[in-house]
Amino acid sequence: MSRDWPLWEVFVRPRGGLEHRHVGSVHAPDAEMAVRHARDTYTRRMEGVSLWVVRSNDITASDPDRSAEMFEPAESKIYRHPTFYDLPDAVKHM
Amino acid sequence: MADPLFEYLQRLGDDSLILAQRLCEWCGRAPSVEVDLSIANMGLDLLGQAQLFLAYAGEIEGKGRDEDALAYHRDAAEFRNCLLVEQPNGDFAQTMARQFLFSLHRELLLEALTASSDTRIAEIAAKAVKEVRYHVELSSDWVIRLGDGTDESHRRMEEGLDWFWRFVDEMFELDALETELASSGIAADRRALRGEFDRRMTEVVERATLEVKPSQWPLSGGRRGRHGEELSRMLAEMQVLARAYPDARW
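In order, the protein sequences belong to chains P and H. The first sequence begins at -14 in the numbering used here and counts up by one. The second sequence begins at 9 in the numbering used here and counts up by one.
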């Protein structure tokens, strides 16, 4: 049965205020059932307070064969990290 | 005659316990791993409810029996569950038909019991009713999907429900014992729940493009320990370990 069902990616918000995190996937015939399956599969031990599901087919992913030009150029640019500034003491919460 | 409250608590606990065991028979056999988990989750919810009701039953009885002693060392004739919950699983549609009818009745019963004059019962009911509401949602969903699905799923859900109509009336019986307990505010008046049950049940069955068929030959007797032979076979499997090794510990 589940082989005939599309795959859905599952995102769980662990607590109020935190963002939804990807936790895994489920098979389900439609979105409503996907939420139920996600609930029964991924939140049975109090892991979450909110659930998102999205059809795996609807996700556009980066191409692993192009990771050299996609990600490696960032490696040599440490000046993009904001660690070279002296913050005045008056500035809080940075 | 045993303490009426002891009897009543066994009825509440045994309905959950026996259905929990039936649901656990699906483990590893459900149509998909997700459905397998959802059935097991319901079974474990019900097992937890059984534990709470039967532990209290043991205290009221006052003979030193705890929930395990009641679950594993009573024979079939001592069980007080309604006949619906002990029925074999059949196929997935039949299991969901049974789950829907039981859960809907159980939700209404537990809602009423949150106002019980017995605070322990009211507390257990308040915890359990949230679990059972989800069981109602899930099983209603399957009744509708299968009923309003393909020709085959429609036929299977129809056959599933047709098997269970004869066991519905028993869930709303109010015998002398419960009438007495209801008059003191401890038990819920099951007959008063029937109207709401019929209304909500009919709504789901009609959405499933199926028909409600009140039974001409309703069956009853579970509350007095008169069960079908299937219960004995089920208990043999459920109780064998506890009886073979009475002092076994994890």
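Keep in mind that the hints are not guaranteed to be accurate.
Stated by the list, open to error - Per the computed footprint, the stretches of chain P lying under chain H, defined by three or more beta-carbons under 8 Å from a beta-carbon of chain H, are:
hint	segment
1	25 to 32
2	44 to 51
3	67 to 75
Unchecked claim - Just the calculated beta-carbon pair ranges, DEER-fashion:
hint	chain 1	residue 1	chain 2	residue 2	range
4	H	76	P	-9	39 to 45 Å
5	P	42	H	258	20 to 26 Å
6	P	-8	H	81	43 to 49 Å
7	H	130	P	1	27 to 33 Å
8	H	81	P	3	20 to 26 Å
9	H	211	P	-9	49 to 55 Å
10	P	51	H	170	38 to 44 Å
11	H	135	P	48	31 to 37 Å
12	H	184	P	-8	52 to 58 Å
13	H	37	P	1	35 to 41 Å
14	H	97	P	40	45 to 51 Å
15	H	253	P	42	26 to 32 Å
16	P	6	H	245	46 to 52 Å
What the hints assert, rightly or not - Negatives, chain P to chain H, calculated, CB over 12 Å:
hint	residue
17	-11
18	-7
19	4
20	40
21	41
22	54
23	56
24	57
25	61
26	62
Simulated from the structure, these hints should not be mistaken for lab results. Quick reminder that beta carbons are idealized off the backbone N, C-alpha and C, glycines included.
Hints and how they fare:
Taking a C-beta to C-beta cut-off of 8 Å, the segment 25 to 32 of chain P contributes 3 residues in contact with chain H, enough for the three needed, and the coverage statement holds. For a cut-off of 8 Å, the count of residues in the segment 44 to 51 of chain P with a CB near a CB of chain H stands at 0, and the three-residue condition is violated. Counting residues of the segment 67 to 75 of chain P whose beta-carbon sits less than 8 Å from any beta-carbon of chain H gives 0, not enough to reach three: the coverage restraint is violated. Taken as a hint, the range 39 to 45 Å holds for the pair residue 76/H and residue -9/P, whose Cβ atoms sit roughly 44 Å apart.
Judged by the Cβ atoms, the range 20 to 26 Å given for residue 42/P and residue 258/H is violated: they are separated by roughly 45 Å. In this structure the supplied range 43 to 49 Å holds for residue -8/P paired with residue 81/H, their Cβ-Cβ distance being about 47 Å. One distance hint, 27 to 33 Å for the beta-carbon pair residue 130/H and residue 1/P, holds here, with the actual separation near 29 Å. Between residue 81/H and residue 3/P the CB atoms are about 47 Å apart, so this pair departs from the stated range of 20 to 26 Å.
A C-beta distance of roughly 29 Å is found between residue 211/H and residue -9/P, which places it outside the suggested range of 49 to 55 Å. For residue 51/P paired with residue 170/H, a C-beta distance near 59 Å fails the hint of 38 to 44 Å. In this structure the hint that residue 135/H and residue 48/P lie 31 to 37 Å apart at CB is violated, the actual value being about 50 Å. For residue 184/H paired with residue -8/P, a C-beta distance near 56 Å keeps the hint of 52 to 58 Å intact.
Roughly 38 Å separates the CB atoms of residue 37/H and residue 1/P, a value that falls within the hinted 35 to 41 Å. Restraint check, residue 97/H to residue 40/P: a C-beta distance of roughly 32 Å breaks the suggested window 45 to 51 Å. Here the CB-CB span from residue 253/H to residue 42/P is close to 51 Å, at odds with the stated 26 to 32 Å. The given range of 46 to 52 Å is broken by residue 6/P and residue 245/H, whose C-beta atoms sit roughly 41 Å from each other.
Not every CB of chain H lies more than 12 Å from the CB of residue -11/P, the least distance being 10 Å, so the non-interface label is violated. Separation of residue -7/P from chain H is inadequate, the least Cβ-Cβ distance of about 10 Å not exceeding the 12 Å criterion. Every Cβ of chain H is farther than 12 Å from the Cβ of residue 4/P; the closest lies at roughly 25 Å, confirming the non-interface assignment. Residue placement check: residue 40/P keeps its beta carbon more than 12 Å from all beta carbons of chain H (closest about 15 Å).
Every CB of chain H is more than 12 Å from the CB of residue 41/P (nearest about 14 Å), matching its label as outside the interface. With a least CB separation of 39 Å from chain H, residue 54/P remains clear of the 12 Å interface cut-off, as annotated. At roughly 34 Å from the closest C-beta of chain H, the C-beta of residue 56/P stays outside 12 Å, upholding its exclusion from the interface. Distance check for residue 57/P against chain H: the nearest CB is about 38 Å away, which clears 12 Å, and the non-interface claim stands.
For residue 61/P, the condition that its CB be more than 12 Å from all CB atoms of chain H holds, with the nearest at approximately 45 Å. Residue-level check passed: residue 62/P sits 44 Å from the nearest beta carbon of chain H, beyond 12 Å.
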